[in-house]
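Residues per chain are reported as follows:
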Amino acid sequence: MKLRPGRIGPSLTGMKYLIPFTLLAAVAALIGGCGGSAEQPAGEARAVTLDALTAGPAQAGGPVTVAWRFTLADDWHLYWTGRNDSGYPPSVALELPAGWSAGELHWPPPERLIMPGDILDHVYHHELVLLQELAPPDGWDPGDGAGFPATVRWLACREMCVPGDTTLTVAFPAAGPDPESAKVIAAARKSLPGTLPDGLPVWSWTGDTLHLHLPESKRLAFYPDRDSGALVDAIAEGEAEGDRLQLRFRPLNGVVGPAKGLLVQTAADGTDRAYHVSLPGPASGSP
Amino acid sequence: MRHRNASIILLVLLLAGTALAGVVPGDKAPDFTLTDTAGETHTLSAYLAEGKTVVLEWFNPDCPFIKKHHQDHRTMDETAAAYKDQGVVWLAINSGAEGKQGAGLERNKKAFKDFKMSFPVLLDPDGTVGRAYGAKKTPHMFIVTREGAVAYMGAIDDDAGVQAPGKTNHVVAALDEILGGKPVTVSETESYGCSVKYAD
Chain A
0 MKLRPGRIGP
10 SLTGMKYLIP
20 FTLLAAVAAL
30 IGGCGGSAEQ
40 PAGEARAVTL
50 DALTAGPAQA
60 GGPVTVAWRF
70 TLADDWHLYW
80 TGRNDSGYPP
90 SVALELPAGW
100 SAGELHWPPP
110 ERLIMPGDIL
120 DHVYHHELVL
130 LQELAPPDGW
140 DPGDGAGFPA
150 TVRWLACREM
160 CVPGDTTLTV
170 AFPAAGPDPE
180 SAKVIAAARK
190 SLPGTLPDGL
200 PVWSWTGDTL
210 HLHLPESKRL
220 AFYPDRDSGA
230 LVDAIAEGEA
240 EGDRLQLRFR
250 PLNGVVGPAK
260 GLLVQTAADG
270 TDRAYHVSLP
280 GPASGSP
Chain B
0 MRHRNASIIL
10 LVLLLAGTAL
20 AGVVPGDKAP
30 DFTLTDTAGE
40 THTLSAYLAE
50 GKTVVLEWFN
60 PDCPFIKKHH
70 QDHRTMDETA
80 AAYKDQGVVW
90 LAINSGAEGK
100 QGAGLERNKK
110 AFKDFKMSFP
120 VLLDPDGTVG
130 RAYGAKKTPH
140 MFIVTREGAV
150 AYMGAIDDDA
160 GVQAPGKTNH
170 VVAALDEILG
180 GKPVTVSETE
190 SYGCSVKYAD
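Protein sequence lines, in the order shown, are assigned to chains A and B. Everything in the first sequence is counted per numbering that gives the first Met the number 0, starting at 0 for the first residue and increasing by one. Everything in the second sequence is counted per numbering that gives the first Met the number 0, starting at 0 for the first residue and increasing by one.
Hint data in this document are derived by calculation from the structure and do not stem from the laboratory. Keep in mind the model is a prediction, meaning the values are calculated, not measured. Hints should not be assumed to be uniformly reliable.
[Said to hold, decoys possible] List time: in silico SDA-like cross-link candidates among lysine to any residue, alpha-carbon distance up to 20 angstroms:
id: 1; chain 1: B; residue 1: 51; chain 2: B; residue 2: 182
id: 2; chain 1: B; residue 1: 166; chain 2: A; residue 2: 87
id: 3; chain 1: B; residue 1: 66; chain 2: A; residue 2: 249
id: 4; chain 1: B; residue 1: 166; chain 2: B; residue 2: 73
id: 5; chain 1: B; residue 1: 27; chain 2: A; residue 2: 208
id: 6; chain 1: B; residue 1: 181; chain 2: A; residue 2: 164
id: 7; chain 1: B; residue 1: 66; chain 2: A; residue 2: 158
id: 8; chain 1: B; residue 1: 27; chain 2: B; residue 2: 131
id: 9; chain 1: B; residue 1: 27; chain 2: A; residue 2: 271
id: 10; chain 1: B; residue 1: 109; chain 2: B; residue 2: 182
id: 11; chain 1: B; residue 1: 83; chain 2: B; residue 2: 127
id: 12; chain 1: B; residue 1: 66; chain 2: B; residue 2: 127
id: 13; chain 1: B; residue 1: 27; chain 2: A; residue 2: 284
id: 14; chain 1: A; residue 1: 217; chain 2: A; residue 2: 252
id: 15; chain 1: A; residue 1: 189; chain 2: A; residue 2: 280
id: 16; chain 1: B; residue 1: 27; chain 2: A; residue 2: 231
id: 17; chain 1: A; residue 1: 259; chain 2: B; residue 2: 115
id: 18; chain 1: B; residue 1: 51; chain 2: B; residue 2: 189
id: 19; chain 1: B; residue 1: 27; chain 2: A; residue 2: 164
id: 20; chain 1: B; residue 1: 181; chain 2: A; residue 2: 232
id: 21; chain 1: A; residue 1: 259; chain 2: A; residue 2: 218
id: 22; chain 1: B; residue 1: 66; chain 2: A; residue 2: 152
id: 23; chain 1: B; residue 1: 66; chain 2: A; residue 2: 164
id: 24; chain 1: A; residue 1: 189; chain 2: A; residue 2: 250
id: 25; chain 1: B; residue 1: 66; chain 2: A; residue 2: 87
id: 26; chain 1: B; residue 1: 181; chain 2: A; residue 2: 251
id: 27; chain 1: A; residue 1: 259; chain 2: A; residue 2: 178
id: 28; chain 1: B; residue 1: 27; chain 2: B; residue 2: 108
id: 29; chain 1: B; residue 1: 166; chain 2: B; residue 2: 41
id: 30; chain 1: B; residue 1: 115; chain 2: B; residue 2: 76
id: 31; chain 1: B; residue 1: 27; chain 2: B; residue 2: 39
id: 32; chain 1: B; residue 1: 27; chain 2: B; residue 2: 109
id: 33; chain 1: A; residue 1: 217; chain 2: A; residue 2: 236
id: 34; chain 1: A; residue 1: 217; chain 2: A; residue 2: 249
id: 35; chain 1: A; residue 1: 217; chain 2: A; residue 2: 251
id: 36; chain 1: B; residue 1: 27; chain 2: A; residue 2: 251
id: 37; chain 1: B; residue 1: 66; chain 2: B; residue 2: 27
id: 38; chain 1: B; residue 1: 181; chain 2: B; residue 2: 168
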């Protein structure tokens, strides 16, 4: 089993959402990873514990961040939301009160995990923090302290796979700063993938091969989204030393490309940064 | 002569690399002979010679996604039964290595009985057949036409969770087109499930 650690350095993307909320941990639901399944041998530590953290009270008209923090027992992993050869990513279903709205989940960059049989997954070990913005309606009174249910599902795997789920209550107490929660959320924001400046990466197609160039890279890797085109050999070609990456695509139901996913750059100082990329297929020509 | 030998070695390596990468729709399906949990042997080319269309389902009885389709719901057996009289043979293949989750003769014998399966479970403990096809998940579905070509590969349906079966059964859609003499509209989907537990 080969594992490439995903060390990701600071990224500016997501910082625009950083809200000066002051407080509080709302929910600390503790959930077993087995979800009642008999898959996990008796006596073993639970694969997954989950808690939901909020950095501040819900304020009328403004978003509030919820952090879904999964803590994993040793050797277990959860799945990224992009393309994997197995598993499925955690999901959150909210039963929001009238007038509330919820944004999408924000995912940190995963690690590449290659298993026997050329099985390539993108996963998280130890801890996964997903951020989500929620917005109460105008007129919302933070003093209400009301909560609402959320159902979270996941699949945790190591040698075996164990589905888990729980329903917990997300609550927003009216006051009380919680620097620990704010710290967790701020750290999670820093790890989120960013967006490259215009013109980067430099890219072109030769036939069905995409050439990527990102200067000042010691190493590059591409993690495809689920709606990305099909790669010929994601394991061998999905990462390379240096500042260039060549990805061969093959037709998927008759279409080659696009290339959508994360481009992960290891800089000269060894730090990693991940960036969202979305490039059209060869039918559109090169820029 | 030395150059020629080197070329031959390179060609063999390239071919080996191709085989390891698995198949894609349109490829010739790799032939195989495997033994099921009852000791019967099954050879793909023999089924094709009889004019059969063959559905391959990668299988692990302890995978939650297999339980969803074999235990909690009857997706696989019901689909297999619906096409049995139309010349479709359905084979489950377990490419898990001895000692891995869901692998081994006894475990699969028990699963065959517990799941009340109407089609055989073939054992591929060294993973040769699984790797030749590029099977990565359980379930991972492949349809081989009577002519021996891979016509579909991917998921059984469009619900990647472990609870409910999907609304669209991709294998049904592909089989209907194949048996109707039409090209398969969706020849590849992203499969979902557990990883195949190959030998390390």
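Going down the list of hints, with the structure as the test:
Taken as a hint, the residue 51(B) and residue 182(B) pair is honoured in the structure, with Cα atoms around 17 angstroms apart against an allowance of 20 angstroms. Distance hint between residue 166(B) and residue 87(A) is fulfilled; the C-alpha atoms sit about 18 angstroms from each other, no more than 20 angstroms. At roughly 33 angstroms between alpha-carbon atoms, residue 66(B) and residue 249(A) are farther apart than 20 angstroms, so this suggested pair is violated. Taken as a hint, the residue 166(B) and residue 73(B) pair is honoured in the structure, with Cα atoms around 14 angstroms apart against an allowance of 20 angstroms.
Distance hint between residue 27(B) and residue 208(A) is unfulfilled; the C-alpha atoms sit about 24 angstroms from each other, more than 20 angstroms. Among the hinted pairs, residue 181(B) with residue 164(A) is inconsistent with the structure: their alpha-carbon atoms are about 42 angstroms apart, more than 20 angstroms. Restraint check: the Cα-Cα separation between residue 66(B) and residue 158(A) comes to about 17 angstroms, which is no more than 20 angstroms; the hinted pair holds. For the proposed pair residue 27(B) and residue 131(B), the alpha carbon gap of about 11 angstroms is at most 20 angstroms, so the pair holds.
Distance hint between residue 27(B) and residue 271(A) is unfulfilled; the C-alpha atoms sit about 42 angstroms from each other, more than 20 angstroms. Distance hint between residue 109(B) and residue 182(B) is unfulfilled; the C-alpha atoms sit about 38 angstroms from each other, more than 20 angstroms. At roughly 27 angstroms between alpha-carbon atoms, residue 83(B) and residue 127(B) are farther apart than 20 angstroms, so this suggested pair is violated. For the given pair, residue 66(B) sits about 24 angstroms from residue 127(B) by alpha-carbon distance, which is inconsistent with the 20 angstroms threshold.
Restraint check for residue 27(B) and residue 284(A): not satisfied, since their Cα atoms lie roughly 32 angstroms apart, outside the 20 angstroms limit. Between residue 217(A) and residue 252(A), the direct Cα distance comes to roughly 35 angstroms. Violation of the 20 angstroms bound is thereby established for this hinted pair. As the CA atoms of residue 189(A) and residue 280(A) are separated by approximately 31 angstroms, the hinted pair breaks the 20 angstroms bound. A C-alpha spacing of about 17 angstroms is found between residue 27(B) and residue 231(A), which places the hinted pair at or below 20 angstroms, so the restraint holds.
As the CA atoms of residue 259(A) and residue 115(B) are separated by approximately 43 angstroms, the hinted pair breaks the 20 angstroms bound. A C-alpha spacing of about 25 angstroms is found between residue 51(B) and residue 189(B), which places the hinted pair above 20 angstroms, so the restraint is violated. Restraint check for residue 27(B) and residue 164(A): the C-alpha separation of about 41 angstroms exceeds 20 angstroms, so the hint is violated. Between residue 181(B) and residue 232(A) the alpha-carbon distance is near 30 angstroms, which puts this suggested pair outside the 20 angstroms criterion.
The suggested pairing of residue 259(A) with residue 218(A) holds, with an alpha-carbon distance near 19 angstroms, which does not exceed 20 angstroms. For the proposed pair residue 66(B) and residue 152(A), the alpha carbon gap of about 17 angstroms is at most 20 angstroms, so the pair holds. For a cut-off of 20 angstroms, the pair hint linking residue 66(B) to residue 164(A) stands: about 17 angstroms separates their Cα positions. Taking the CA atoms of residue 189(A) and residue 250(A), the gap is near 36 angstroms; set against the 20 angstroms cutoff, the hint is violated.
Distance check on the hinted pair: residue 66(B) and residue 87(A) sit about 16 angstroms apart at the alpha-carbon level, within 20 angstroms; holds. Using a Cα cut-off of 20 angstroms, the hinted pair residue 181(B) and residue 251(A) holds, with the two alpha carbons roughly 19 angstroms apart. For the given pair, residue 259(A) sits about 36 angstroms from residue 178(A) by alpha-carbon distance, which is inconsistent with the 20 angstroms threshold. Between residue 27(B) and residue 108(B) the CA atoms are separated by roughly 31 angstroms; this puts the pair beyond 20 angstroms, and the hint is violated.
Restraint check for residue 166(B) and residue 41(B): the C-alpha separation of about 32 angstroms exceeds 20 angstroms, so the hint is violated. At roughly 9 angstroms between alpha-carbon atoms, residue 115(B) and residue 76(B) fall within 20 angstroms of each other, so this suggested pair holds. A threshold of 20 angstroms between alpha carbons decides the hint, and for residue 27(B) with residue 39(B) the separation of about 25 angstroms lies outside it, so the pair is violated. Distance hint between residue 27(B) and residue 109(B) is unfulfilled; the C-alpha atoms sit about 33 angstroms from each other, more than 20 angstroms.
Under the criterion of a C-alpha separation no larger than 20 angstroms, the hint pairing residue 217(A) with residue 236(A) is consistent with the structure, at around 16 angstroms. Proximity of residue 217(A) to residue 249(A) is assessed by CA-CA distance (about 27 angstroms); at most 20 angstroms being required, the pair is judged violated. Straight-line distance between C-alpha atoms of residue 217(A) and residue 251(A) comes to about 31 angstroms, which puts the hinted pair past the 20 angstroms bound. Of the supplied pair hints, the one linking residue 27(B) and residue 251(A) holds, its CA atoms being roughly 17 angstroms apart against a limit of 20 angstroms.
For the given pair, residue 66(B) sits about 30 angstroms from residue 27(B) by alpha-carbon distance, which is inconsistent with the 20 angstroms threshold. For the suggested pair residue 181(B) and residue 168(B), the alpha carbons sit about 17 angstroms apart, so the restraint of at most 20 angstroms is met.
Checked against the numbered hints given earlier, this structure breaks hints 3, 5, 6, 9, 10, 11, 12, 13, 14, 15, 17, 18, 19, 20, 24, 27, 28, 29, 31, 32, 34, 35 and 37; the rest are met.
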